[in-house]
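Asks: Sequence:
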Amino acid sequence: MVQLFLVMILLILIAIELIVKSVENVMFQTLPEEAKERYLNAKTKKWEWEWASRIYKKLLGSKPIEEEAEIILDHNYDGIKELDNKLPPWWVYLFYATVLFGIVYLARFHVFNDYDQDLEYEMEVAEAQAAIEEYRKTAKDLVDVNTVTLLTDASDLKAGQVIFDTNCAVCHMTDGGGGIGPNLTDPYWILGGGIKNVFKTISEGGRDGKGMIAWKQTLKPSEMAQVASYVLSFQGKTSANPKDAEGELWIDENAAEEEEAPEEMASDTTTVAMNE
Numbered sequence: 015m016v017q018l019f020l021v022m023i024l025l026i027l028i029a030i031e032l033i034v035k036s037v038e039n040v041m042f043q044t045l046p047e048e049a050k051e052r053y054l055n056a057k058t059k060k061w062e063w064e065w066a067s068r069i070y071k072k073l074l075g076s077k078p079i080e081e082e083a084e085i086i087l088d089h090n091y092d093g094i095k096e097l098d099n100k101l102p103p104w105w106v107y108l109f110y111a112t113v114l115f116g117i118v119y120l121a122r123f124h125v126f127n128d129y130d131q132d133l134e135y136e137m138e139v140a141e142a143q144a145a146i147e148e149y150r151k152t153a154k155d156l157v158d159v160n161t162v163t164l165l166t167d168a169s170d171l172k173a174g175q176v177i178f179d180t181n182c183a184v185c186h187m188t189d190g191g192g193g194i195g196p197n198l199t200d201p202y203w204i205l206g207g208g209i210k211n212v213f214k215t216i217s218e219g220g221r222d223g224k225g226m227i228a229w230k231q232t233l234k235p236s237e238m239a240q241v242a243s244y245v246l247s248f249q250g251k252t253s254a255n256p257k258d259a260e261g262e263l264w265i266d267e268n269a270a271e272e273e274e275a276p277e278e279m280a281s282d283t284t285t286v287a288m289n290e
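If you read the sequence shown in this note's numbering, its first letter stands for residue 15, the second for the next number, and so on.
Treat the hints as calculated values from the structure; they're not laboratory data. A couple of the hints might just be wrong.
[Stated by the list, open to error] Derived SDA-like pairs: lysine to any residue, alpha-carbon spacing no greater than 20 angstroms straight-line: (1) 230 with 145; (2) 214 with 232; (3) 210 with 167; (4) 71 with 108.
Put together the whole structure using the sequences plus the hints.
Replies: Below you can see the structure in the form of structure tokens.
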């Protein structure tokens, strides 16, 4: 559609140009001979900016035809002679500039190792990541199961609690102990624990035929992230009437890695104490 519009504009401009030329030709034919001559002289007159012409000649560095005898060579090739013209100043200055640039580049990147491509790449990635994070602050609904993260801000958890009490407490109880739905306070999960699995379960729903409905049509992505984070805040708490555990034990791999270091440190400390 846009291309067709541009073609139409081009055809209209061509038509206008042809009409103007035709009118100009008709008017020219009606002029007396003296007026025709003045018109042609005015049209063919070359307007030049003197300062631009001087700069052009200086950059070109060529001699006028009257002074060519000073630079003519003694070679004669069947009547063809050559001129010993100097290199144009603009070309010489540009060559010197490239040499200077090459020296600075060599010293900066190969002698002093100012920064290499890997560092430049890391800097650009960091800048892009910062820009993405800044954008996400104003686009909280731009989140899915792959990008969702655990929210710890009090305002987000409070919003998640409101959503939970309104939509989820009827099946899971207000303290997460479970009713029709499973217990949310124990480490056992039917469809997997962790923020990504909980977000996916809320978004897509539970098991076919007996799980909860999919909330992605009712809740915004940011709201699902808030309620998923609030659900995970039940972990480790004791409910008034906890339901029996369902599903499989969920162990967060990242948390397990963090816990290994203190255990190893305690073992090393015990060994040292025994040796002493």
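Asks: So which hints don't hold here, by number, going up?
Replies: 1
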